[in-house]
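We have chain A already, so just place chains B and C with the ligands on it with the hints.
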Amino acid sequence: MVTLQINGQSQTIDATPDTPLLWALRDFLGLTGTKFGCGIAQCGACTVHMDGKAVRSCLLTIGSVGNRAITTIEAVGNTPNGAKVQKAWLDIEVVQCGYCQSGQIMSATALLNKTPHPQDADIDAAMAGNLCRCGTYTRIRQAIKNAAKA
Amino acid sequence: MIQNISTRRTFLKGSAAATATLSGGLMIGFAIPAGAQQTPKPTPYVLKPNAFIHIDADGKVAFQIPQEEMGQGVYTSLSQLLADELDVAFDQVTPLPAPPDDMIYGSPQRHRQSTGGSTSIRNFYTALRQVGASGRAMMVEAAARQWGVKPETLRTENGMVIDDAHGGRKLSYGALAPAAAKLDAPQNPTLKTDAQLKYIGKPMHRLDSPSKVNGSAQYGIDVRMDGLKVATLAASPVVGGKVDHVDDSKLKAMPGVQLVVLDDIVAVVATNFWAAKKGLDVVKITWDGGPNGHLDSKTLMAELRATAAKKGVTAAESGDADKALGKPGGPTRLDATYQVPFLAHAPMEPQNFTVHVKKDGTCEMWGGSQVQTTAWRAAATVLNIPPEKVTFHNFMLGGGFGRRLDVDMVVKATRIAQKVDGPVKVIWTREEDMQQDMYRPAYRNVMAATLTKDGMIDGWMHRIAGASVSARMSGKPPKDGLDKGSVDAATDNYYNAPNFRVEYIQAEPRAVNVGFWRGVAPNNTIFAIESLMDELAKKAGRDPVAFRLAHLDKTPRLKNALQIAARNAKWGEKMGPRIGKGVCAQWAFGTYIATICEAEVDTNGEVHVRKVHSVIDAGRIVNPDTLMAQVQGGITFGLTAALWGNITVEKGRVQQANFNNYRLMRINEAPDIQVEIVKSTEAPGGIGEPGCTAGPPSLVNAIAAATGVRLRELPIDRALLAGKSSV
Amino acid sequence: MTARNIIVGLACIAIIVLAAMAWIVLGPGPMAFAPGSTVAIASAGSDPSGVPKELAGGDVIKRGEYLAHAADCLACHTGKDAQAYAGGFAFNLPMIGTIYSTNITPDKETGIGNYTDAQFLAAVHRGKRQDGQNLYPAMPYASYTYMTDADALAIKAYLFTLPAVHAPARANRLNFPFNQRALLTAWNMFFSPDTRFAVNAAQSPEWNRGAYLSEALGHCGECHTPRNLMYALDNRQKFAGALTAGWRAYNISADAKAGLGAWSDASLTSYLATGHAEGHGGAAGPMGEASDNSLTYLTAGDIHAMVVYLRSVPAAASNLPHVITVPAPASFREGVTAGLDKRGEKLFAGACASCHDWTGKGQLTTFATLTGARSVNDPSAVNVAQTVMNGIDRKTAAGNVFMPSFGNAYTNAEIAQLANYVTARFGPEGAHLTEKGVQSLRDQAAQR
Ligand code: FES
Ligand code: FES
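Those protein sequences? They're chains A, B and C, same order as listed. Going by the numbering used here, the first residue of the first sequence is number 1, and it counts up by one from there. Going by the numbering used here, the first residue of the second sequence is number 1001, and it counts up by one from there. Going by the numbering used here, the first residue of the third sequence is number 2001, and it counts up by one from there.
There could be a bad hint or two in this list.
[To be verified] Negatives, chain C to chain A, calculated, CB over 10 Å: (1) PRO2028; (2) GLY2029; (3) THR2038; (4) ILE2061; (5) LEU2121; (6) ASN2175; (7) MET2230; (8) SER2264; (9) SER2312; (10) ARG2374; (11) HIS2432; (12) THR2434.
[Unchecked claim] Derived pair list, reagent style BS3-like, types lysine-lysine, alpha-carbon separation capped at 25 Å: (13) B:LYS1250 to C:LYS2080; (14) A:LYS114 to C:LYS2342; (15) B:LYS1250 to C:LYS2395.
Just so you know, the hints here were simulated from the structure itself, not pulled from any lab data. Backbone N, C-alpha and C fix where the C-beta goes; we use that ideal spot for every residue, glycine too.
Just chain A, with the same shape it has in the complex (with noise of 0.2 Å):
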């Protein structure tokens, strides 16, 4: 049993401590908008925050959170920048299969916390560890610039 805080609310799991979080969530708590995509943190689809900041849940064990703040991609939207990041994204059409976008809003919004103005090399240095195999780079580019601004 480990408990854990997400999206502002105490959960208690019934797994061992050496789950990684990204299979807490999907599969203990389904909160299924946390993609699993490679297992090996080289993708991204699986970002989280954890006290504001952007983790790959994928190799990051419920054992080791303690009460540190986890939020995904179903409540992100209720912080200001999360709410900012989603809206340019629709704006500009950044989706394409999707798969990728919950990991690449998570790690778009964990930048605008603490870049609220990123250049170029910020969303390179921010976004690099988030593969997209559609190819919605360009986008996610413009749609970042766009939620600073807004």
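Positioned in the frame of chain A, the structure of chains B and C with the ligands alone reads:
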């Protein structure tokens, strides 16, 4: 506001089981099951608006989208076709995946449900407009009967039938639906004129985006239900191999897991993925690789080379190529061989399928497929039951790219599910996904061309050696030895060579399963053609763009696109050292596209793609924004392959496993990609693939411009480029 | 110049050469640093050999298994993708060539199934094959020679319980004159001590046990002690660190800056027991294997004994800069790498920052912490490059340590750029690895 697409399950259950619950719906007559027609006859297309359109009493409209949504935007673009002609408000529309049914949802041309080859708009453009128009006519007819007026006196707007002659009285489609549903569908409805179109040709916002930015979109991997188990699997790493020995002593210590051992698959079933994965990790499996267990890439490529050296069967011919080409070594003759490797699809959503083999002899399955009916039949075949006993819930795909045109994942998941009590979701790890792919075949192109005195192409020979995906899928060799799928675009002779021959020779690799991959055959043939064009231009002492333009008089739409692209990309401007621009002009999938790529090569041979300009003439366009997105995505996909894509084999096993050794382009490696659309009223062309095929040749040509090094094999070889700078 | 002068000159040269040779040859033994005189185990009060008390009652096979783990026979006698103990592991020695380890399963034809006890002891203690030919000193018989007969034979008993694998030895690929096995006879004359462990009565029983574990069984010096020109261990610089198989074996002497001097006992214990110590990074490559195949099997008491012994080895300086123990700044824009070559940064952003963070202290797992790790503090970046290329995949008692390998998809130039960036950002000084340097590291570690 668009309803969460995840409501589809309720809808489908409702539609199959209890239509009556959908009050006032236009869903009656919905033909489930109808896949009994195993071999669809080429019957004329019959309009069945009832099967496509469902309208609630409150006016909400749901469309059954026959094609699969995998990111290319068909939910939206096909909805645009329907909604425009039906004349309903676009924000009232919910797209839903159609169930498997070739006769109703297969394209009018092929009567087979399949999303691939950039065909959705090409095949459905007219048909779905007719369906929408037919539905609208039924609404008008129902209103006319109710009011006792002539239908011609009525008009429609945003889901309302309006009677201007009687003070503008209105009836909503929702109110009319029950009556309309009982009418016969008109088979030749009048379509809107171009001026009347409200959605077609407009950059409508995607209907699937809202759910994809808030995490509520449901992919196959997201399926959840009571009692669901999760499994992960290891299939024989060698094609044709078998399980030799399984040591599960450590697994026994883990509670609540089930081991499934089949001929060529070992799986562990648990209550969640992590438990299953941990379980499989401790199972020691020894594989018997069988006859392929010793093969490696070196051998496979040597075999391909040997086959490519032989004469193939003729796929297209005009003039006298042999005479025009003369002997090798002739002063105006250029011989070149281009080769591309095996490639994995690597969609972001790893393969998965959820299957419930029930005690009553039926089966229910959930997952995403590009071939709904084939997937559905595949499960039935495994279980040896009629397909009608299988219910298939199709989901959006986290990337298709051709991977999900195959149904091996359905077969494997169903075989595992047979051993499991209750529903089981089988999830491939990324490693398993990558090592058990159906790979884009390696191809070798043997080419020769000659020039006339004035530097125009005279003779042209293009021999393509490679595997036939259709043959692998069907188990039958290609008719007369010619795999049409392998020579696509090569046979079109869009540069109008007067003496022209294209050959194909089948070269099936051992130990590698081949499949369709984004861009399909043209991502090989266009690479070869456009590389050779650059080499010929050089031989002729001409600028690559000018040389192409000189050959495009008979292909004016491509000529036009290329001229615009050259202008947009400032072709001919002076550039810094080690920077070059490369061009690709192509006609494939019914679309003309000209692309100019700018690349820089550093002293280590590392290639940095700086910018890409693409100009596309795809005829009539349904959604220009989607088109641009598809071209941007396609180019990225193609560039990724050109830079890094390479699947290699050792001891019969694929060596790449995850993104650490099968690289995908990242945002900090991605160029800015600008796309311009040429307005056209020609028939619509495909847009999913063309960008992909444009990437590699334009990049390789840019590298040649930057370094003087002509790369004839992909992926690009950095060692060859190290230290080289432009000539 | 007169003939006499010439003769005197030649004589002087000969004397110098002989003296130099003698100095090299007559170098100290591995435990000579410790004060106190030694006595044979039989006449000593306590016996540091054998297995720990917990296992003492076990049968010879169980004891042999423990000792085989402690001596880490597995690591070198198992080739890539091959069966355990069936040989085929490649030792790539620059200039010299490649030597393959042999099959030590009890297969009668290709393994050691026909070895008598005496023959086995000759191989372990003196580097003699069954046919009387010399083994190459890639087999650490100069260390194993300190093992007691009883322990060596217990290992043999254990090996003989393994499934016999038919695996003929791979032919070595050695350059002349190294392909002349007979030359080793001369080498052995100078460098093969052929002597058993003797107890140092002035030292504690733990120390003696630790020495036996570290020298006779664990053969730490074979990697961690530099070699002289003749490829023998130079115990004057005992445990000062060396390059082995393309990896850096670090200084594990008492030196405070470069060695273990600044490590707490707890850190050292943790590192030995699990291959990881908070603030010091984790084991990868050959040390990762030593951890997983060998050290992890040792009892807490034995680990403690090793700590006692290692602590006693005098400081041997090596010219590594001091270790940086503070994290790098949170932003890629700050820190010493801010203006550096962007290519390494680009690679780091894509493939590394997700785990290691721009600070070097990742949030996912402490295994991914770079701050304080020796690899990033080594300006040669040898182990950084190797780890990037080969990855880590270790299952330890403390959890799975995993890092993907990037060597098959990233070029030598990219690996060099990345390693240079990483050492600059997280260590005291950036490396200057080149494409060629990376290729050489690949060649040295290659298993083919
Ligand atoms: S699934 Fe976590 S980074 Fe790919
Ligand atoms: S939108 Fe499909 S992977 Fe990014």
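So, going through the hints one by one against the coordinates:
no.: 1; hint: PRO2028; in the structure: 47 Å, holds
no.: 2; hint: GLY2029; in the structure: 46 Å, holds
no.: 3; hint: THR2038; in the structure: 47 Å, holds
no.: 4; hint: ILE2061; in the structure: 33 Å, holds
no.: 5; hint: LEU2121; in the structure: 45 Å, holds
no.: 6; hint: ASN2175; in the structure: 40 Å, holds
no.: 7; hint: MET2230; in the structure: 44 Å, holds
no.: 8; hint: SER2264; in the structure: 23 Å, holds
no.: 9; hint: SER2312; in the structure: 36 Å, holds
no.: 10; hint: ARG2374; in the structure: 23 Å, holds
no.: 11; hint: HIS2432; in the structure: 24 Å, holds
no.: 12; hint: THR2434; in the structure: 25 Å, holds
no.: 13; hint: B:LYS1250 to C:LYS2080; in the structure: 23 Å, holds
no.: 14; hint: A:LYS114 to C:LYS2342; in the structure: 22 Å, holds
no.: 15; hint: B:LYS1250 to C:LYS2395; in the structure: 14 Å, holds
The structure agrees with every numbered hint stated previously.
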